[in-house]
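J.: Residues in the sequence shown are numbered consecutively from -10, following our numbering.
Careful, some of the hints might be misleading.
As a list, the in silico DSS-like pairs of lysine-lysine whose alpha-carbon atoms are at most 30 Å apart [said to hold, decoys possible]:
hint : residue 1 : residue 2
1    : K254      : K271
2    : K149      : K251
3    : K81       : K149
4    : K251      : K271
The following label-pair restraints were derived from C-beta to C-beta distances [to be verified]:
hint : residue 1 : residue 2 : range
5    : T195      : R153      : 19 to 29 Å
6    : D118      : Q218      : 44 to 54 Å
7    : R135      : G253      : 25 to 35 Å
8    : N101      : T236      : 21 to 31 Å
9    : A99       : T236      : 44 to 54 Å
10   : I52       : P29       : 22 to 32 Å
11   : I52       : T236      : 32 to 42 Å
12   : L205      : S352      : 42 to 52 Å
13   : P202      : D339      : 28 to 38 Å
14   : E53       : P29       : 49 to 59 Å
It should be emphasised that the hints constitute simulated quantities derived from the structure, not laboratory data. Keep in mind the model is a prediction, meaning the values are calculated, not measured. Every residue, glycine too, gets a C-beta built ideally from N, C-alpha and C.
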Amino acid sequence: MFPASHRWILPVLITLVLALVLTIGRDSSLAASRPTDTTPRDTARAYPYYRRGLAFYAEGRTIEALRQFQNATFFDPQGAEIRFAQGLCLLKLEEPAQARTQFERALASAPNHARAHYNLGLALTQLGDTASARQHLLRAGALDGRLPGVARARARLAEKAGDRPAALEAMREERAITPDSAATRFALGQAFEASAQPESALAEYTVASRLGPRLLEVRVARARLLDAQARPDEAASVWGEAAGLDTTRADLKAAEGVAWFKAGKSAEALVAFDRAIALDGKDARSAFNRGVALEGLGRVDEALDAYRQAAERDTSYADPWLNAGSLLAREGRSSEAIAALDRFLALAPDSPRAAEIKKAKASLSRRPARRG
């Protein structure tokens, strides 16, 4: 036995041994309770974690939600909805491979879980397995013909495969399911446009604009299509709506100005180009177009100044010199016109109009100088 002076050692050793036993016991318990396919389900203990996970997910706190769902899985590893919820979180966190695993486990417990088939299809699409993705999307649609997003996901796969008729048909199915979705109507408009059906595309874009009054991309697509259809008045109005949604973008005001000019409304075009230049002081194209609008309004000196500003903003830009030369020639300012046309030819020697411009220069050189 220990001498009297060392009797304190025995209680300490006993405490250390007990602590070691307790520690080993806890680790063994945790290892034994890790969820497996054969772990008994304890749905009562899993539910509070699952409920908190749903609350976090609804608030957009995806990582916190995922942790709660993982805790729920610890007690109910076979719970299809818990596995499904984990998969949703992982998809949102851009982890499609892990999401795939969770959706597959959900389907192992609930083979007819339509939303799990749908989201597994999305995960497989991101992973590049389009054949398997299509199978799961078709299965989701067969299980629940009114499930939003399924047909649209199939449309994306068809579009990626170059099958535009199939993409259009799928989007028509999606419209029947979610007719009041701006995103659906916009995507259907794009499918119509890709299938060379511009009027149908415009109709869908118009509905999408009404359903999503703040969706900039819808208005841009509609305005571009109106431009392509040579409907400048309508295009200008829609470009103006787009510019109103994002007041910082010079390109939207510039596009509005071009449409107004094509509609024969130089004054409205000038206002739009002035705004575009105010937003982007380096915008040579809008400065040039401003000159065209001023020329249309008969404001010659201002137009010439606008062409000069455009050329200064982009020293490789030839068109301002051509327009300035043409305007100066009409004004009878032959020597100035020739100088401007020379600048154009120096910047664009291979222009299809080079021969014509050289003839014009020769004609101008024979004109008598205008007397002031």
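J.: Go ahead and decide if the range 19 to 29 Å is satisfied by the Cβ distance of T195 to R153.
T.: holds (22 Å)
J.: Holds or violated: K81 and K149, Cα atoms, limit 30 Å.
T.: holds (22 Å)
J.: Using the C-beta atoms of I52 and T236, is the stated range 32 to 42 Å upheld?
T.: holds (35 Å)
J.: Taking 49 to 59 Å as the stated bounds, is the beta-carbon spacing between E53 and P29 within them?
T.: Given a distance of about 27 Å, which is not inside 49 to 59 Å, the answer is violated.
J.: I52 and P29, beta-carbon distance inside 22 to 32 Å?
T.: holds (29 Å)
J.: Using the beta carbons of A99 and T236, state whether their distance is inside 44 to 54 Å or not.
T.: holds (50 Å)
J.: Verify the proposed pairing of K254 with K271, using a straight-line Cα cut of 30 Å.
T.: OK: K254 and K271 at ~25 Å, within 30 Å.
J.: Could you tell me whether the CB distance from R135 to G253 stays inside 25 to 35 Å?
T.: violated (49 Å)
J.: Can you let me know if the beta-carbon spacing of N101 and T236 is within 21 to 31 Å?
T.: violated (50 Å)
J.: Holds or violated: 28 to 38 Å for the Cβ distance of P202 and D339?
T.: violated (47 Å)
J.: In this structure, is the beta-carbon distance linking L205 and S352 contained in 42 to 52 Å?
T.: holds (49 Å)
J.: Confirm or reject the claim that D118 and Q218 have a C-beta distance inside 44 to 54 Å.
T.: About 40 Å separates the Cβ atoms of D118 and Q218, which means 44 to 54 Å is violated.
Consistency with the previously given hints fails for numbers 2, 6, 7, 8, 13, 14, ordered from lowest to highest.
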